[in-house]
Amino acid sequence: RKEVEQDPGPFNVPEGATVAFNCTYSNSASQSFFWYRQDCRKEPKLLMSVYSSGNEDGRFTAQLNRASQYISLLIRDSKLSDSATYLCVVAESSASKIIFGSGTRLSIRP
Amino acid sequence: DAGVIQSPRHEVTEMGQEVTLRCKPISGHNSLFWYRQTMMRGLELLIYFNNNVPIDDSGMPEDRFSAKMPNASFSTLKIQPSEPRDSAVYFCASSRDRSTDTQYFGPGTRLTVL
Numbered sequence: 001r002k003e004v005e006q007d008p009g010p011f012n013v014p015e016g017a018t019v020a021f022n023c024t025y026s027n028s029a030s031q032s033f034f035w036y037r038q039d040c041r042k043e044p045k046l047l048m049s050v051y052s053s054g055n056e057d058g059r060f061t062a063q064l065n066r067a068s069q070y071i072s073l074l075i076r077d078s079k080l081s082d083s084a085t086y087l088c089v090v091a092e093s094s095a096s097k098i099i100f101g102s103g104t105r106l107s108i109r110p
Numbered sequence: 001d002a003g004v005i006q007s008p009r010h011e012v013t014e015m016g017q018e019v020t021l022r023c024k025p026i027s028g029h030n031s032l033f034w035y036r037q038t039m040m041r042g043l044e045l046l047i048y049f050n051n052n053v054p055i056d057d058s059g060m061p062e063d064r065f066s067a068k069m070p071n072a073s074f075s076t077l078k079i080q081p082s083e084p085r086d087s088a089v090y091f092c093a094s095s096r097d098r099s100t101d102t103q104y105f106g107p108g109t110r111l112t113v114l
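Quick note, the sequences are listed as chains A and B, same order.
Counting from 1, position 7 in the first sequence corresponds to residue 7 in our numbering; the numbering is continuous, with no gaps.
Counting from 1, position 34 in the second sequence corresponds to residue 34 in our numbering; the numbering is continuous, with no gaps.
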């Protein structure tokens, strides 16, 4: 089993739709969680950190479920510019270990 | 502020040649990471430095790969000899302190080994 798993997609949804991705992780000692966004032929960039209590940034909501060992990303009122690959990242500071998921590809259609 | 700087942006070389990739992290950042990204394997961490010291190099594929960080503002990733399967995009990233801090990526070096 991979340490961090994501549904590769692609998710193809119409503009304005709500879309959600999940990411599961295997190491219960993981401490920090992030969502990064990567546009085609570009570098990954931080979208948002994921806090235990859940957090929201505009149309984006991230949640963490430690019991079931997954994090989620919800995008409301999706825009064409949201088309990208979304990478889930799990880190464990005690082991200085950081693992990127393989990414979920999202395509928003007009 | 300048972000992470990588050079060259593109490199095409022949099998067996030595390849050196360069990275300048964001000033003041204490951690530096080298990643490799391919369609098949996704984004893989190769090596992680903290305060110029290698902390985790378990992702370095084999002896053909080596990385150095002689000072806080410069790192190199060397492949010698290069092979076609090394073709990938190599990213350098830096973070303020630990591996769990936000990482800022450079634009990457697209390497093609013929």
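Bear in mind the hints are in silico, worked out from the structure with no lab data behind them.
It is possible that some hints are incorrect.
Simulated restraints on C-beta separations [claimed, not checked]:
#1 B:Val12 to A:Tyr51: 37 to 45 Å
#2 B:Pro84 to A:Tyr70: 21 to 29 Å
#3 A:Ser53 to B:Gln17: 45 to 53 Å
#4 A:Glu5 to B:Ser27: 31 to 39 Å
#5 B:Gln17 to A:Ser68: 23 to 31 Å
Under the rule of at most 25 Å between Cα atoms (straight-line distance), these lysine-lysine pairs were calculated in the BS3-like manner [unchecked claim]:
#6 A:Lys79 to A:Lys42
#7 A:Lys45 to A:Lys79
#8 B:Lys78 to A:Lys79
#9 B:Lys78 to A:Lys42
#10 A:Lys45 to A:Lys2
#11 B:Lys24 to B:Lys78
#12 B:Lys24 to B:Lys68
#13 B:Lys24 to A:Lys45
On a predicted model such as this, the values are computed, not experimentally measured, just so you know.
Ideal Cβ positions, reconstructed from N, Cα and C, are used throughout, including at glycine.
message = Need the list of violated hint numbers for this structure, in ascending order.
response = 2, 5, 8
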